[in-house]
Structures are given as structure tokens and as C-alpha cells.
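> Residue-level listing of the chains:
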Amino acid sequence: MFGNLSDRLVETFKNLRTKGKLSPADIDATLREIRRALLEADVALEVVKLFTTAVRDRALGDEVSKALNPAQQVVQIVNEELVKILGGEQRKLSLAKQPPTVIMLAGLQGAGKTTLAGKLAKWLKDQGQTPLLVAADLQRPNAVNQLQVVGERAGVSVFAPEPGNGKGDPVRVSKDAIKHAKQKQFSVVIVDTAGRLGVDEEMMGQARSISKAVDPDEILFVLDAMLGQDAVNVAKAFSDGVGITGVVLTKLDGDARGGAALSVASITGKPILFSSTGEGLDAFEPFYPDRMASRILDMGDVLTLIEQTQKAFDEDEAKVLAQKLATETFTLEDFLDQMQQLRKMGSLKSMLAMMPGAGQMRKQLENFDEREIDRTEAIIRSMTPMERRMPKVLNGSRRLRIAKGSGVTVTEVNSLVNRFEQAAKMMKTVARGGTPNLPGMPVGMGSFGGSKAAKSKTKKPTSKSGNPAKRAAEEAARALGAQPVSDSETGSGSAFGLSK
Amino acid sequence: MAGLLFWKKKQPAEGASGPGVESTANQPAAQATLDGTVERVESEAVQLPRRNLARGVRSLFSKVKFNPDNLDDLEDILIQGDFGVLAAGNIVFEVKKRAKLTAAATEAELKQILVDVLVEAMDHPDKSLNLDGSKFPYVFLVVGVNGVGKTTTIGKLARWLTDGEWNVVIGAADTFRAAAVDQIATWAERAGAKLVRPKTEGQDPASVAFEAVEMAVQTNADIVIIDTAGRLQNKADLMDELSKIRRVVEKQTAITEVLLVLDATTGQNGLVQAKAFADSANVTGIVLTKLDGTARGGIVYTIQQELGIPVKLVGVGEGINDFAFFDAQEFARGLVS
Numbered sequence: 001m002f003g004n005l006s007d008r009l010v011e012t013f014k015n016l017r018t019k020g021k022l023s024p025a026d027i028d029a030t031l032r033e034i035r036r037a038l039l040e041a042d043v044a045l046e047v048v049k050l051f052t053t054a055v056r057d058r059a060l061g062d063e064v065s066k067a068l069n070p071a072q073q074v075v076q077i078v079n080e081e082l083v084k085i086l087g088g089e090q091r092k093l094s095l096a097k098q099p100p101t102v103i104m105l106a107g108l109q110g111a112g113k114t115t116l117a118g119k120l121a122k123w124l125k126d127q128g129q130t131p132l133l134v135a136a137d138l139q140r141p142n143a144v145n146q147l148q149v150v151g152e153r154a155g156v157s158v159f160a161p162e163p164g165n166g167k168g169d170p171v172r173v174s175k176d177a178i179k180h181a182k183q184k185q186f187s188v189v190i191v192d193t194a195g196r197l198g199v200d201e202e203m204m205g206q207a208r209s210i211s212k213a214v215d216p217d218e219i220l221f222v223l224d225a226m227l228g229q230d231a232v233n234v235a236k237a238f239s240d241g242v243g244i245t246g247v248v249l250t251k252l253d254g255d256a257r258g259g260a261a262l263s264v265a266s267i268t269g270k271p272i273l274f275s276s277t278g279e280g281l282d283a284f285e286p287f288y289p290d291r292m293a294s295r296i297l298d299m300g301d302v303l304t305l306i307e308q309t310q311k312a313f314d315e316d317e318a319k320v321l322a323q324k325l326a327t328e329t330f331t332l333e334d335f336l337d338q339m340q341q342l343r344k345m346g347s348l349k350s351m352l353a354m355m356p357g358a359g360q361m362r363k364q365l366e367n368f369d370e371r372e373i374d375r376t377e378a379i380i381r382s383m384t385p386m387e388r389r390m391p392k393v394l395n396g397s398r399r400l401r402i403a404k405g406s407g408v409t410v411t412e413v414n415s416l417v418n419r420f421e422q423a424a425k426m427m428k429t430v431a432r433g434g435t436p437n438l439p440g441m442p443v444g445m446g447s448f449g450g451s452k453a454a455k456s457k458t459k460k461p462t463s464k465s466g467n468p469a470k471r472a473a474e475e476a477a478r479a480l481g482a483q484p485v486s487d488s489e490t491g492s493g494s495a496f497g498l499s500k
Numbered sequence: 001m002a003g004l005l006f007w008k009k010k011q012p013a014e015g016a017s018g019p020g021v022e023s024t025a026n027q028p029a030a031q032a033t034l035d036g037t038v039e040r041v042e043s044e045a046v047q048l049p050r051r052n053l054a055r056g057v058r059s060l061f062s063k064v065k066f067n068p069d070n071l072d073d074l075e076d077i078l079i080q081g082d083f084g085v086l087a088a089g090n091i092v093f094e095v096k097k098r099a100k101l102t103a104a105a106t107e108a109e110l111k112q113i114l115v116d117v118l119v120e121a122m123d124h125p126d127k128s129l130n131l132d133g134s135k136f137p138y139v140f141l142v143v144g145v146n147g148v149g150k151t152t153t154i155g156k157l158a159r160w161l162t163d164g165e166w167n168v169v170i171g172a173a174d175t176f177r178a179a180a181v182d183q184i185a186t187w188a189e190r191a192g193a194k195l196v197r198p199k200t201e202g203q204d205p206a207s208v209a210f211e212a213v214e215m216a217v218q219t220n221a222d223i224v225i226i227d228t229a230g231r232l233q234n235k236a237d238l239m240d241e242l243s244k245i246r247r248v249v250e251k252q253t254a255i256t257e258v259l260l261v262l263d264a265t266t267g268q269n270g271l272v273q274a275k276a277f278a279d280s281a282n283v284t285g286i287v288l289t290k291l292d293g294t295a296r297g298g299i300v301y302t303i304q305q306e307l308g309i310p311v312k313l314v315g316v317g318e319g320i321n322d323f324a325f326f327d328a329q330e331f332a333r334g335l336v337s
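As they're listed, the protein sequences go chains D and B. Taking our numbering, the leading residue of the first sequence gets 1, the next gets one more, and so forth. Taking our numbering, the leading residue of the second sequence gets 1, the next gets one more, and so forth.
Be careful, since some hints might not be right.
[Unchecked claim] From the structure, some residues in chain B lie toward chain D, with a derived Cβ separation under 7 angstroms: (1) D82; (2) V85; (3) G147; (4) A178; (5) Q183; (6) L232; (7) T265; (8) N269; (9) G293; (10) A295.
[Said to hold, decoys possible] Derived BS3-like pairs (lysine-lysine); straight-line CA-CA distance at most 25 angstroms: (11) K65/B / K100/B; (12) K392/D / K425/D; (13) K97/D / K175/D; (14) K63/B / K49/D; (15) K97/D / K184/D; (16) K127/B / K275/B; (17) K236/D / K63/B; (18) K212/D / K236/D; (19) K97/D / K212/D; (20) K65/B / K49/D; (21) K244/B / K135/B; (22) K167/D / K194/B.
Think of the hints as simulated: they come from the structure by calculation, not from any bench. In this text, a Cβ means the ideal position worked out from N, Cα and C, and glycines have one as well.
The task is simple: from the sequences and hints, build the whole structure.
And the structure:
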């Protein structure tokens with residue numbers, strides 16, 4: 001059927017890019033496509049209307065007609081307007097001057113409040129805070145229980161004086177929790193409330209009472225990224241009914257494009273502070289409007305990728321690696337290490353999805369078998385240390401032995417060795433400051449989406465850190481991240497077993 | 001209609017004495033045992049209490065006056081009900097065509113046309129649950145993404161069946177989410193159903209499902225309902241896990257019904273969900289939950305058009321009785337009223 005928002009916009013802009021001059025009719029045709037794409041991405045109708053009007057006004061103005069490349073200018077405008085709606089600049093969680101900081105979570109049933117409470121607590125704890133989770137969802141069967149388990153996993157205390165399942169008063173529990181937190185000197189209190197419908201007056205009243213009782217510094221509205229047009233009603237109801245200060249977007253690891261994020265940010269005018277991207281306690285990150293807009297426009301989320309790489313890679317190790325790459329001492333052993341480090345960053349699929357142009361290779365991504373990496377690992381592990389260091393010694397009989405040892409065919413061993421040699425060559429180029437064939441890396445706005453012409457051009461890396469260690473990590477990240485993308489697009493072999 | 005008739009296993013000792021039991025038309029049914037022989041099982045028709053869509057669906061068109069000139073406006077309103085751009089366009093096209101043909105001019109006539117168009121598209125011959133007495137125990141598998149209301153739905157279904165004196169076993173195969181087993185245990189207790197728990201934390205869900213069916217066979221239960229962990233449809237390994245649960249259960253007996261639970265607030269991603277779950281779990285029906293909010297769940301229209309999967313049940317609240325059988329007429333009238 002239809003692709004998602006970024007696929008659609010890329011398709012639309014493809015036509016636009018080929019034109020030197022834009023007529024009002026061109027702009028209207030484009031806006032129709034954008035409208036449709038946004039609606040299919042679940043952006044609420046009234047927000048779509050506001051958005052397309054704003055884009056149209058600007059697109060018809062001087063800035064476009066005077067621009068050297070009008071089409072690129074429209075793309076720029078769409079991008080800017082998206083960022084504007086998504087909350088402009090990123091805002092940080094506001095902490096109280098006088099602890100404890102009180103954070104209240106609110107949202108519909110099943111939005112992911114309890115899971116999020118755990119993630120937020122873990123994140124705050126990692127920042128040196130001492131969070132306390134408060135079980136104020138006394139409605140849903142065993143919500144209290146769930147929060148206790150989540151708290152235990154996060155290594156955070158849970159305040160749960162009531163068993164829940166319809167028993168106990170959430171307002172009282174919340175009030176007591178603040179007292180408890182002051183006594184025991186917790187620095188942050190996170191109040192998990194029951195899921196409620198915006199039209200449920202009684203429950204909304206209860207949420208107001210909780211809010212009154214705890215006087216929160218932040219009331220975070222937890223929003224399911226899969227939400228449809230109803231996002232507008234829900235956002236209004238919670239904004240008017242409880243008064244929210246920020247939004248958290250959950251289930252962003254699904255394939256919903258998250259148009260609801262646009263709707264809610266636009267309707268409430270409140271920033272999106274965090275996004276949650278998986279079921280693990282660490283699948284949680286600050287929300288960056290500009291990155292989300294880039295993601296929507298299919299420009300890739302390179303910044304997040306680099307950050308994740310830095311988190312997973314030891315900086316010293318990265319330095320050594322960069323050194324090795326430059327001096328041609330990169331071996332299959334390092335290759336194996338690399339693969340294991342990549343693993344630490346989470347699934348390859350989710351990483352690849354952040355690369356520019358990923359929208360177009362989404363199908364390939366979906367078919368990608370993570371077990372392919374297991375097989376590659378098995379092959380390398382079946383080699384002797386000498387073979388790993390000097391793949392040149394691999395003759396026929398050695399290859400046969402390795403194939404038998406790892407349960408694959410000799411052909412697969414051959415193809416791994418070939419891919420390794422290619423990869424090593426490519427990485428050498430990167431390490432020496434050149435750029436490998438990297439389709440889809442954005443230079444300005446014009447080349448996103450992996451344009452064919454961009455492939456042969458040499459481009460500057462996207463960012464260079466002043467800190468040498470950081471720069472090495474970034475370079476390594478680029479080398480690692482780049483390889484699978486270029487290979488699956490060109491269809492040649494792959495360094496990481498992406499041969500399909 | 002006072003109630004709905006379904007076939008359950010005849011309990012030889014009790015006979016037909018329980019409340020809600022209306023007729024005892026003995027319907028012999030064939031049941032294959034594990035060694036392959038076919039055993040005749042006595043079944044009886046049982047009346048189950050009817051659950052009502054008490055509050056109904058909120059009207060989507062309350063703010064608009066229908067007249068032959070503003071029919072294009074309906075498109076935007078349908079889009080706001082999550083019908084999607086394509087479906088909304090098609091519906092309005094059809095309504096305009098018929099309005100022209102019949103020269104409909106009054107608001108009532110035009111509304112009736114819209115209702116007809118919706119009902120024709122959404123009425124499905126297989127809208128009831130498959131409880132037709134061919135095989136015991138019936139096996140229901142309940143699947144869906146995270147947070148749509150799978151566990152709550154199972155609680156409601158189980159209570160409804162035990163109200164009709166059915167012998168219900170629930171398999172707690174959501175071994176992933178924190179405290180999910182406790183949550184379903186609370187519902188099982190409220191509903192008076194037996195529960196098969198995982199023996200260890202994080203046990204393979206397929207083995208829990210297997211044990212639940214095994215227990216149902218041993219204890220002569222009528223039906224086993226298997227709860228599964230919520231999973232996002234783009235996670236291939238989790239979707240494979242569902243296929244595995246299916247395969248493992250089918251080693252013992254056929255699966256009667258695979259219910260995909262869909263949150264009415266879900267937008268266009270609902271279709272993607274339905275496709276993915278249909279592929280790996282063979283979905284036979286949809287449960288549309290949280291219809292008591294402001295969302296209308298228009299995506300089910302497209303799902304039925306594209307995939308032919310009917311909506312069977314709707315959830316309208318957190319109470320144990322808050323569900324109803326889906327009725328296209330009722331749904332369309334509610335929307336258009």
C-alpha cells in the first residue's frame with residue numbers, strides 16, 4: 001500500500017527536485033501530496049491544515065522565487081515548519097530548586113505510563129538523582145505490582161502503600177509519597193497514575209486532585225506514537241483537564257510514523273521531552289524536534305546514531321581501532337570485536353533505520369536476518385588466531401576446515417573473506433580522512449534519499465569534534481554505520497553479512 | 001434478542017440445569033483425540049447473556065447538517081474518524097453517486113445512504129465467535145500490540161463464558177511484561193476461570209500455551225483462552241514467536257479463533273498491524289477496544305475492505321461486563337446519528 005510519511009515526502013520531492021522554477025500550481029500539487037502524506041501518517045486534520053497553509057504562504061513568498069534552487073527551498077521550509085510544530089528548541093526536564101522534584105505522568109490506558117515511569121527513573125538515577133516511584137494507579141489490576149517489578153529492575157525505590165485493584169485512594173497515596181520523599185530525601189518523585197479517557201469526567205477530576213495534592217514540577221502527558229486523529233481530542237482533554245507541561249512519546253520503535261506527535265505538540269504548544277523506543281529499561285532518550293523532523297523527511301537520524309555509538313564504544317578502544325584502520329593492521333579479530341560492539345548498541349535493524357535514506361531500504365531492512373551475524377561470528381570463531389590475523393594464509397583446506405567447524409559451506413567462508421577484504425579497504429579510506437561510497441548522506445538538503453549522483457562524490461563528514469578521542473569515535477561510527485547502507489543499496493557483498 | 005446461542009460441551013453429570021441454559025438439542029460432534037481416533041462428543045446449545053453496547057458509539061457527524069451540496073465535507077469528517085484518506089474518498093464518492101441516483105435531498109435520506117454504505121462494507125457473515133461445537137476444547141488466541149487491552153478483553157470474555165456455565169481455562173502466555181501474569185490472574189479470579197501460569201519467570205510462551213491446552217483437555221474444559229505478550233508488528237522475532245505458539249498449540253488441537261485486539265484510538269498504523277498479525281497469526285477476528293472514548297476506530301473499515309477480517313467484539317470500558325458483539329448497523333447508526 002502506501003509507504004510512511006518520509007517515503008511519501010521523498011517521492012513528492014523527487015518530482016520537485018527536477019524543476020528549476022516553481023509555479024504556484026507546482027506548490028499546490030506538492031502541498032496536496034504533503035497533506036495526504038501527513039494524514040496517512042496520522043497527523044490530525046486541523047494540524048495538517050495549519051501546516052500546509054504555513055508552508056504555502058512561505059513557499060509563495062520571495063524566499064523561494066529568489067532562491068537559487070527553489071525546490072530545495074521548499075524542502076527547507078517544510079523541514080523548518082515541522083521543527084517549529086514539534087516544539088522548536090529542545091527543552092530539558094525542569095527540576096525543582098528545592099527537592100524533591102515532582103513529576104506526574106498522565107495519559108490514556110495502554111499508552112505505556114508504567115513502563116515509562118521505570119525508564120524515567122532509571123535515566124534520572126543514571127544522572128545521579130535518587131528517584132522514588134509512586135504507585136498511584138490503583139485501578140488497573142496489578143498495576144502496582146508491575147511498578148514494583150519495574151522499580152526493582154531499575155534499582156529504584158517504589159512507594160506503594162496500597163495494593164491497588166480498585167482499593168485505596170490515589171490522591172492520598174500521592175500526598176503521602178511526597179511526605180515520604182522529603183523524609184527519606186529522595187530528589188525526584190515520579191507519580192504513575194491510572195490510564196484515563198479524556199471524556200471520563202470523574203477520572204479527570206481525580207487527576208486534578210492528584211495534581212493539586214502533589215503540586216508537580218512537570219506533568220508529562222504520555223502519548224502512544226500509534227495514536228490516530230483522536231490525538232487532538234485527547235491532547236485537548238488532558239491539556240485543559242489536568243494541565244500538562246510536556247509530552248513523552250512512546251512506542252516509537254514501531255513502524256507508526258508518529259504523526260500524533262505533530263498533532264499534540266501543535267495543539268497543546270507543549271514540548272516533547274522524551275521518546276521511548278523499546279521495552280528495555282534503557283530504550284529511552286531525550287526528544288530532539290530537529291532530529292524527528294529530519295527523520296520524518298527521511299534525512300536519517302545520524303546524530304542519534306553517533307551518540308549511541310559513543311555510548312557503546314569505549315573511547316580508547318575507538319582510538320586504537322582508528323589507529324589500526326589507518327595502519328592496515330585491521331584483522332578479522334578486530335572485525336569480530338567490532339561486531340560485538342555493534343551488538344551492544346542494540347539491533348542492527350534499529351541502527352540502520354537511523355541512516356539517511358533508510359526509508360527507501362526499509363523493505364530490505366525488514367528482511368534482514370540478524371542471525372546472519374551469528375553465522376559470521378561462527379565462521380570467524382572457527383579460525384585459528386593466525387588465520388584471523390592473516391586471512392591471506394587461508395588456503396582451500398583451511399577454508400574447508402573452517403566451513404565444517406562453523407556448519408556453513410565453503411562458499412560462505414569465501415564470501416566472508418572477500419567481504420572482509422573489501423571492508424578493510426574501505427575503512428582504511430575513512431580512517432585516512434577520505435569518505436567511502438556513502439549514498440544518501442545529506443549535504444545540505446538536496447541529496448537526501450540516496451540520490452545516485454551523490455554516490456561517487458566525496459563529502460565532508462557531518463561533524464568533527466574538537467576532542468580527538470571523540471573525533472575518533474565519530475569516525476569509527478561513520479565507518480561502521482556506513483558500510484551496511486552502501487552495500488545493501490548497491491547489492492554487492494557486505495561487511496556485516498548483509499548479503500541479502 | 002434475549003441472548004446468543006453457542007454450542008458447549010455437554011456436562012454429563014450436571015445435565016442442563018444451569019441458569020442461562022435454554023435448550024439441550026444434543027448435537028453430536030466429532031473430536032479427534034491425540035492418538036488420532038475420532039471420539040463423539042456430546043454438545044449442547046447454550047444461551048449466553050447478551051452484552052449491550054450501552055453507551056454506543058459517539059456520533060461523528062453531530063456537528064454537520066447533511067445536504068446534497070456539502071457532501072464533500074463528509075470526507076474531512078471521516079478522516080477525523082480515522083477512516084483514512086483513501087477510504088473517506090471512496091465512501092463519499094459512493095454516497096454522492098447514490099444520492100444523485102435516488103435524488104435524495106433531505107438530511108434523513110442522506111444519512112440513511114451513508115449508513116447503508118458503511119453497513120454494506122462492514123457487515124460480515126462471520127461476525128459471531130466461532131463457538132459452533134465442532135471440537136473441544138475451543139482454543140482462542142488473543143494477540144495485539146502493546147497496551148491495546150488484550151488482558152482486559154480476556155477477562156471480560158472469560159466472565160461472559162463462565163456466566164453461561166462454561167468451563168474456561170486461561171493460559172498466561174505473556175511471560176514478558178512485568179507482572180502481566182498477576183494481572184491476568186486477577187482477571188481469571190474475577191471471572192472464575194482456571195489459570196495456567198508459567199512455571200518459571202520468562203518461560204517460553206509457547207510452552208505455557210501448550211500446557212494450557214493440555215490442562216483444558218485433561219480437565220474436560222470447554223474453552224481455553226491464551227493471552228500473549230504485546231508485540232509491535234515490525235519486530236520479526238516476536239512475530240515468529242506467535243507463529244510458534246500457533247504451531248505448538250496445533251499439535252494438540254485446532255485453534256478456533258485468533259483475535260487481534262485493536263485500540264480504537266489507533267490511526268492508520270492499525271492496517272499495518274492487522275496485516276502483520278494476519279500473516280503470522282492467521283487472525284480470524286478483531287476486538288475493537290476503548291470505544292468508550294472519543295475515538296471511533298474508523299481504521300477497521302479499511303481493515304475489513306483490504307483484508308476481509310471482521311470486527312467481532314468491541315470493548316467499551318474497564319468493567320468486566322463492558323463489551324459487546326460488533327454490529328455493523330449499530331456502529332454505523334451510532335456514527336451517523
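> State for each hint whether it applies.
Okay, the hints, checked on the actual structure:
1. D82: holds, 4 angstroms
2. V85: Status holds, d = 5 angstroms.
3. G147: holds, 3 angstroms
4. A178: holds, 4 angstroms
5. Q183: Because about 4 angstroms separates Q183/B from the closest Cβ in chain D, which is inside the 7 angstroms limit, the hint holds.
6. L232: holds, 4 angstroms
7. T265: holds, 5 angstroms
8. N269: Hint on N269/B: holds, closest Cβ of chain D at ~4 angstroms, below 7 angstroms.
9. G293: Because about 4 angstroms separates G293/B from the closest Cβ in chain D, which is inside the 7 angstroms limit, the hint holds.
10. A295: This hint holds: A295/B lies near chain D, its Cβ roughly 4 angstroms from the closest one there, short of 7 angstroms.
11. K65/B / K100/B: Holds, at about 18 angstroms.
12. K392/D / K425/D: Holds: K392/D and K425/D sit about 14 angstroms apart, inside 25 angstroms.
13. K97/D / K175/D: holds, 20 angstroms
14. K63/B / K49/D: Holds: K63/B and K49/D sit about 19 angstroms apart, inside 25 angstroms.
15. K97/D / K184/D: Holds: K97/D and K184/D sit about 17 angstroms apart, inside 25 angstroms.
16. K127/B / K275/B: holds, 19 angstroms
17. K236/D / K63/B: holds, 18 angstroms
18. K212/D / K236/D: Given that 25 angstroms is the threshold and the Cα spacing comes to 19 angstroms, the pair holds.
19. K97/D / K212/D: Distance of about 19 angstroms is within 25 angstroms: holds.
20. K65/B / K49/D: Status holds; Cα separation ~22 angstroms.
21. K244/B / K135/B: holds, 22 angstroms
22. K167/D / K194/B: holds, 24 angstroms
This entry satisfies every hint, going by the numbered hints stated previously.
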